[in-house]
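K.L.:
Given next are the chains, with one letter for each unit.
Number of protein chains: 2
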Amino acid sequence: MKQFVVIGLGSFGISLAKTLYEMGNDVLVIDKDEELVQSMAGLVTHAVRADATDENVLKSLGVKNFDVAIVAIGKNMESSIMITMLVKEMGVKYVIAKAHNELHARVLYKVGADRVVMPEKDMGIRVARNIFSSNLLDLIEFSKDYSIAEILPIEEWFHKTLKEIRMRERYGLNVIAAKKMNNEIIVSPGPDYVVDEGDILAVCGKNIDIKKFEIKM
Amino acid sequence: MKQFVVIGLGSFGISLAKTLYEMGNDVLVIDKDEELVQSMAGLVTHAVRADATDENVLKSLGVKNFDVAIVAIGKNMESSIMITMLVKEMGVKYVIAKAHNELHARVLYKVGADRVVMPEKDMGIRVARNIFSSNLLDLIEFSKDYSIAEILPIEEWFHKTLKEIRMRERYGLNVIAAKKMNNEIIVSPGPDYVVDEGDILAVCGKNIDIKKFEIKM
Ligand SMILES: Nc1ncnc2c1ncn2[C@@H]1O[C@H](COP(=O)(O)OP(=O)(O)OP(=O)(O)O)[C@@H](O)[C@H]1O
Ligand SMILES: Nc1ncnc2c1ncn2[C@@H]1O[C@H](COP(=O)(O)OP(=O)(O)OP(=O)(O)O)[C@@H](O)[C@H]1O
Ligand SMILES: [Ca+2]
Ligand SMILES: [Ca+2]
Ligand SMILES: [Ca+2]
Ligand SMILES: [Ca+2]
Numbered sequence: 001m002k003q004f005v006v007i008g009l010g011s012f013g014i015s016l017a018k019t020l021y022e023m024g025n026d027v028l029v030i031d032k033d034e035e036l037v038q039s040m041a042g043l044v045t046h047a048v049r050a051d052a053t054d055e056n057v058l059k060s061l062g063v064k065n066f067d068v069a070i071v072a073i074g075k076n077m078e079s080s081i082m083i084t085m086l087v088k089e090m091g092v093k094y095v096i097a098k099a100h101n102e103l104h105a106r107v108l109y110k111v112g113a114d115r116v117v118m119p120e121k122d123m124g125i126r127v128a129r130n131i132f133s134s135n136l137l138d139l140i141e142f143s144k145d146y147s148i149a150e151i152l153p154i155e156e157w158f159h160k161t162l163k164e165i166r167m168r169e170r171y172g173l174n175v176i177a178a179k180k181m182n183n184e185i186i187v188s189p190g191p192d193y194v195v196d197e198g199d200i201l202a203v204c205g206k207n208i209d210i211k212k213f214e215i216k217m
Numbered sequence: 001m002k003q004f005v006v007i008g009l010g011s012f013g014i015s016l017a018k019t020l021y022e023m024g025n026d027v028l029v030i031d032k033d034e035e036l037v038q039s040m041a042g043l044v045t046h047a048v049r050a051d052a053t054d055e056n057v058l059k060s061l062g063v064k065n066f067d068v069a070i071v072a073i074g075k076n077m078e079s080s081i082m083i084t085m086l087v088k089e090m091g092v093k094y095v096i097a098k099a100h101n102e103l104h105a106r107v108l109y110k111v112g113a114d115r116v117v118m119p120e121k122d123m124g125i126r127v128a129r130n131i132f133s134s135n136l137l138d139l140i141e142f143s144k145d146y147s148i149a150e151i152l153p154i155e156e157w158f159h160k161t162l163k164e165i166r167m168r169e170r171y172g173l174n175v176i177a178a179k180k181m182n183n184e185i186i187v188s189p190g191p192d193y194v195v196d197e198g199d200i201l202a203v204c205g206k207n208i209d210i211k212k213f214e215i216k217m
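Keeping their order, the protein sequence lines are chains S and W.
Using the UniProt record's numbering, the letters of the first sequence map in sequence onto residues 1 to 217.
Using the UniProt record's numbering, the letters of the second sequence map in sequence onto residues 1 to 217.
Hints in this document: simulated from the structure, not taken from any laboratory.
Predicted, not measured: the structure shown is a model, and the values here were computed from it.
Incorrect hints may appear among the rest.
Identical copies carry no separate label here, and so any pair may be met within one copy or between two of them.
SDA-like cross-link-like pairs, simulated, lysine to any residue; straight-line CA separation at most 20 Å [to be verified]: (1) 211 - 36; (2) 144 - 1; (3) 18 - 125; (4) 180 - 143; (5) 32 - 211.
So that you can see chain S by itself, here it is in the shape it has in the complex (with noise of 0.2 Å):
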């Protein structure tokens, strides 16, 4: 269980903040419209209206402690940009930040942002390339019981082929892809690919098969 501060309660926000939430992680939202903050009562562990440009505000709601941020602010740029910067300087490992364009992008990247998300084109790009699926891998991604994720290998099987691990037979994973640590990117490896100590795997499987190998921030 990690904890998480979602910041601003548009769709985005919204449905992320759910979706960890049911995830099983501890979950804060805080956003300045009270009618919003009062609609997510029971569907995160707590919902808090204030204006989070207010570094005292982020201060006694011990927001520094949580392991991750996401501020989910789109149209005020100038709230998002300061409220990004603000939860980086007071400590937060990891913060992700919604843009509404390039140039909005690139400013959150430069104060502190570790991942930046443009929702619309985003999945402009992803609809284009997935249009005559039938949507299989959503299917698996929205899935309470399999997830396609990404794990680092256990001792065992370093330096020993995919064959002679039997990732499929004993761990119940398909691998689609390694990352090797000068980063490349080997897809599809075969039965013959040798895992490494400093992989990192993307896997498909059941939850419960994945959940042991988790990628440990």
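Once you've looked at the hints, dock chain W with the ligands against the given chain S.
P.N.:
Positioned in the frame of chain S, the structure of chain W with the ligands alone reads:
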């Protein structure tokens, strides 16, 4: 090469249209804003300034002959609903519409949309589920060389196991999931999985390897 018409040039419509064009498709974009239309010159096949709620406009542009229409209007629900209905009535086979909220989505399905996308909400779920990943799959999805796609099995695969087919060695494809005729989904099918005639297979591999098996509409 397919023919696409994208109506509405917000962030979603723009990135969708550009990506479809980059993928080698024929793309017509329509928006009532002259400046936006001009900014698409050279980035798509045709860009036309017009009000798409006008049935005569859609007829004169030959919209009924397009394979896919994407109605990428969010805020103006009335227009988005009218246009979705019009293009479907005209005979466009596959209509994707963008919704602003759940109610809007339901109306769009009722008037004929084949798929409804809610970029902010969908990305909220997606980001929540992938929060600790290093985005290996996004790298694949956004790469020009590799894809994750859905394919139909060819005749010589019918009733054979993945091991017998030697899917990875001979075809360079990694089968991530299979959807049976009865809609059952087998995630991460093992080497002994028997491919059936009615299966849809989600695979990962090089674009050139996948292209051979692409699902035709
Ligand atoms: N300084 C702030 N402190 C707290 N909440 C804020 C602050 N500024 C904006 N918000 C909240 O952020 C939420 C989302 O903001 P905004 O409307 O800009 O996002 P959006 O990208 O337009 O989302 P959507 O398109 O879903 O409406 C709003 O509910 C707003 O009340
Ligand atoms: N009837 C219409 N005919 C043609 N274009 C239209 C029509 N109605 C709206 N549009 C265009 O659709 C585009 C997107 O509309 P809208 O602003 O509602 O979408 P949006 O979801 O808010 O997108 P974004 O958030 O990226 O601004 C606008 O550029 C607008 O000019
Ligand atoms: Ca899942
Ligand atoms: Ca919008
Ligand atoms: Ca928006
Ligand atoms: Ca790709």
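K.L.:
Mind listing which of the numbered hints don't hold for this structure, in increasing order?
P.N.:
1 and 5
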